[in-house]
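With the hints as constraints, model all of the structure from the sequences given.
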Amino acid sequence: MSAYSRITWRDQLIGMAFAAPFIVGVAVLLVIPLGLSFYYSFCHYTMLTPPIWIGLKNYTHLISDDAFVRSLLNTCLFSAVSVPLALAWSLFLALLLNVPNRFRNIYRTIVFIPSLLPLVATAVIWRWMLSPVHGPINFVLKFPCRWVGGLLADIAVAFHAAPAFVHALRHLKPPLWLADGNWAMTTIILLSLWGVGQTVIIFLAGLDEIPLELYESAALDGATGWRRLRHVTLPMLTPVIFFNLVVGIIASWQVFDLPYVMTHGGPGRSTLFYSMYLFEAGFQQLRMGAACAMAWVQLVIILLLTVIAFWSARKWVHYR
Amino acid sequence: MSMPGQNRSALFAQRLLVQVALLAVALIYLAPLFWMLDTSVKTERQAMSHIPSGAGKAFSALLVPHPLHLDNYRKVIESPFFKMPLYARNTLVIALLVAIGSMLSASLVAYGLTKLRWHGRQILFWIVLGSMMLPFSVMMVPLYQIYRDFGWIGTNLPLWLPTFMAPPFYIFLLRQFYLTIPDELTEAAVIDGAGPFRIWWRIMVPLTRPALLVVGLFSFVASWNNFIGPLVYLTHQRTFTLALALQFFQTRHGGVAHTLLMAATVLVVLPIIVIFFLAQKTFIRGIATTGIKG
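Protein chains in written order, with the working numbering: chain A, 1 to 320; chain B, 1 to 294.
It is worth saying that the hints were derived from the structure and are not from the lab.
Note that the Cβ used here is the ideal one computed from N, Cα and C, for glycine as well.
Where hints are given, some of them may not hold.
To be verified - Covered, in the sense of this in silico footprint (three residues per stretch, anywhere, with C-beta under 8 Å from a C-beta of chain A), are these stretches of chain B:
1. 76–90
2. 130–139
3. 149–162
4. 256–265
Unchecked claim - Some chain B residues flagged as far from chain A (calculated, every beta-carbon gap over 12 Å):
5. PHE12
6. ARG121
7. PRO206
Structure, rendered in structure tokens:
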């Protein structure tokens, strides 16, 4: 502490009084629940009867729980694909929305608004958009599918392809999206791109902070277009990319609302996400101990990934 | 911006490309909202009809539901399965309490962490940062149990009371703002004999108004949109919030007409969109600061 004055008892009490809401919050909402949750993760616990100590069984049983393994793999896949994809897409949008343009603010607003909406509403709207029979997306996609399918079928005929293959091409249809187990996860990954508005805003703010002189000196060196992006914009933006990456990783492991409302994990278990199965195990099957064990595994995964991200940051993030 | 070595037609092509890309993006982001609005003013038959395949006919049938069928909204508001006025009030009460709680408590704590000198404030700040990363699921089961022991399950208390205990994200946001305020501002007040609480309320709160507004808006919208909280804690239909009620409306046994579902969705998202347009700058600035100064 600084030398010019000692912290008196009075200072200490006043400081703690101001921080009291958080101190109480940490105790009641954090320390006690964390301790209890850790304890329950080693117990058979339904919340209706007192917890019974069973050691590591909740954890070891997870490995043989097919639904858990599926939800873990699904979430891994979602995180591995959607986080980089959303980063790239929102960076692209930010660069696009940063081009001087008379209607720039209108475009920015349009991209931003969907990210403010409740995910339940997003899910309900998109379920209707993607409805295989009456939805507008497949209504529109029907035509190019028929076209391309017909064209490919003609080519296939010219090459003496199997009739079944030609037939399949001729009846090429748009995907059933959420109703098809092979497509549902892809659909949810694509839908998450609709809500990247806040990431875009953060990128735009980052672009604003890049000093103009850098571009000017780059122009003097003859760097334009791609090279300017590659050697000035992207390096200067790495701290913001890193921030969005960490936030994205943490969020991707907690995805719940969108798949819960859109598919409830289906078809089959194709969109069963980690948090969803955890919720189901706890509050529907009353396996509260198992749910706590899952939550701790989830916390460890998130921590590990964050540590890896911070470790890798030393290699690619340029701090000014 | 004319660059040396770039001829006019290349520049024109580049600009055209940007315009086309912008329009395509706008279409992707607006189409679902437009379609929601469009379906909500159609009759069920209009919404369900296989649209004639002649391109011109299809276009007119798609876009203009003639005449506007506003009856859907009346039906939704009067529906016993989606008691719109009741749910709107429930949601609003919780969101307002959350906004007030977050603003007051986070402001107090952020002031204590930045402007007052005491032992442990640095450690507490690390706890603030650390707790921002914790997934809700780790605390979910014990919190449910604690609230149940208090008899709060089925009431809205678990949804707003904790926000009076300073949500860490908002402490962090306000702390960043407090750090930019010079200490000299308060020193004069100290000499005048004002106590710390008075200084906070009279000087700091007015000074940090822009940042407080960001906290208020963010927490309000977050509460309005919250789904898993109400799903876990609310048990009676009459206490439901809009987000939870929308999910229940959608999965209602026997199904619900898309026209009514979309009308309900419009009613759920409309307040958020209105708030956004009223406070556009605050939103943008708030989000920008979380990413840059963080």
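Quiz item: Among all the numbered hints in the text so far, which are the ones the structure does not match?
Solution: 1, 3, 6
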